[in-house]
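Residues 1 to 62 in the UniProt record's numbering are what the sequence shown spells out, letter by letter.
Treat the hints with care, as some may be off.
To be verified - Subject to a maximum C-alpha distance of 16 Å in a straight line, what follows is the list of computed EDC-like cross-link-like pairs (lysine to aspartate or glutamate):
hint	residue 1	residue 2
1	K23	D40
2	K23	D13
3	K2	E29
Claimed, not checked - Computed Cβ-Cβ distance ranges for the label pairs, DEER-style:
hint	residue 1	residue 2	range
4	N3	C46	27 to 33 Å
5	D13	N42	27 to 33 Å
6	N33	D13	15 to 21 Å
7	D32	T60	16 to 22 Å
8	T8	D32	24 to 30 Å
9	D13	I59	25 to 31 Å
Treat the hints as calculated values from the structure; they're not laboratory data.
Nothing here was measured: the structure is a model prediction, and the numbers come from that model.
We treat Cβ as the ideally placed atom computed from N, Cα and C, and that holds for glycine.
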Amino acid sequence: MKNYLTGTFTGKDGSLGFKNGQKYNFRTEVRDNVIWVICDNNLYCCYRNVESLLTNWIITHE
């Protein structure tokens, strides 16, 4: 069973299909030194470091 986080997207509205202010359930994976955010609705995005991920997300665990 995969653990999911809940986060509010704070990045640019429409970026890779995400909507600013919208909550998403997602899991994370690290592949080839890239952090992947993979949502349960098949949206995804990737980040080179935790700092850039946190620039675009407010993460909670519900």
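Tested hints:
The hinted pair formed by K23 and D40 meets the criterion: a straight-line CA distance of about 12 Å does not exceed 16 Å. In summary, the hint linking K23 to D13 is supported, as the alpha carbons are separated by about 13 Å, within the 16 Å threshold. Using a Cα cut-off of 16 Å, the hinted pair K2 and E29 holds, with the two alpha carbons roughly 11 Å apart. Between N3 and C46 the beta carbon distance is about 19 Å. The supplied range of 27 to 33 Å is therefore violated.
Checking the proposed 27 to 33 Å range against D13 and N42 shows it is violated: the Cβ atoms sit about 19 Å from each other. Under the hint 15 to 21 Å, the C-beta atoms of N33 and D13, about 28 Å apart, miss the expected range. At about 27 Å, the CB distance of D32 to T60 disagrees with the hint of 16 to 22 Å. For the pair T8 and D32, the beta carbons lie near 27 Å from each other, so the given range of 24 to 30 Å is met.
Taking 25 to 31 Å as the suggested C-beta distance range, the pair D13 and I59 does not conform, at roughly 19 Å.
Of the numbered hints given earlier, the model fails hints 4, 5, 6, 7, 9; all others are met.
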